[in-house]
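Heads up, the sequence shown is in the working numbering, so the first residue is 26 and it goes up one at a time.
These are calculated hints, taken from the structure and not from any lab test.
Worth double-checking, as some hints may not be accurate.
[What the hints assert, rightly or not] Within a straight-line C-alpha distance of at most 30 Å, the following computed DSSO-like cross-link-like pairs (lysine-lysine) qualify:
(1) LYS122 to LYS93
(2) LYS62 to LYS84
(3) LYS138 to LYS166
(4) LYS129 to LYS157
(5) LYS203 to LYS171
(6) LYS166 to LYS179
(7) LYS93 to LYS166
(8) LYS191 to LYS91
(9) LYS86 to LYS203
(10) LYS122 to LYS86
(11) LYS84 to LYS106
(12) LYS171 to LYS198
(13) LYS198 to LYS179
(14) LYS198 to LYS112
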Amino acid sequence: MFRQSIRPLASTRLTFVRYNSSPAYVAAVSLLKGDLKKAMIAKDEMKKTAIRSMLSAIKNKEIDLKGKSSDEYSLYDMYSKLITQRKDSINEFIANKRDDLVAKEQNEMDVIKKYMDQLPVSSELDIDQNVKNLLDALKEKGGEKKIQIKEILKEIDWKSLPTEWKTSPTAIKNSIVKQFKEIFK
């Protein structure tokens with residue numbers, strides 16, 4: 026009897042996480058589910074597989090968060106990770122002369138990029154430009170003193186900056202590392 030009363034609570038916990046998340050996150054997941062249905066009806070295996078892998082990654086992330094809300098920035102990070110995985114797979118398949126698998130991975134990566142572009146977050150170019158402006162300002166402020174990357178990361182207000190720039194902290198950190206090498210060499 027006790028087991029029966031617990032089961033409904035366990036299943037509602039994950040749905041609460043999704044509805045506790047940002048509206049853009051909920052809209053993106055709903056769009057994925059709707060497009061999955063359309064791909065199933067159209068018998069588009071490539072798109073169906075790509076969307077299923079995206080939904081699986083989202084579900085796994087929700088389970089890992091254990092009740093914390095998600096937003097479009099975490100979704101952006103997840104899509105970036107999936108694209109990076111596809112790029113690595115493509116490089117391995119090219120090295121092994123598997124052109125059929127290269128085309129499959131490339132198509133899946135294109136589908137993921139399409140959904141990534143629909144998220145209400147800043148583009149990579151905007152992030153890079155903002156980081157470049159920030160690093161230039163810090164370079165002028167520091168003068169001739171050599172600045173290390175950890176000093177830059179300490180000076181950034183991580184609570185307000187991601188919402189101001191409409192991007193994830195991970196994307197900002199990646200851009201800082203990339204731009205730091207160009208500006209401070």
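If you test the structure against every hint from before, which numbers come out violated?
1, 3, 4, 7 and 10
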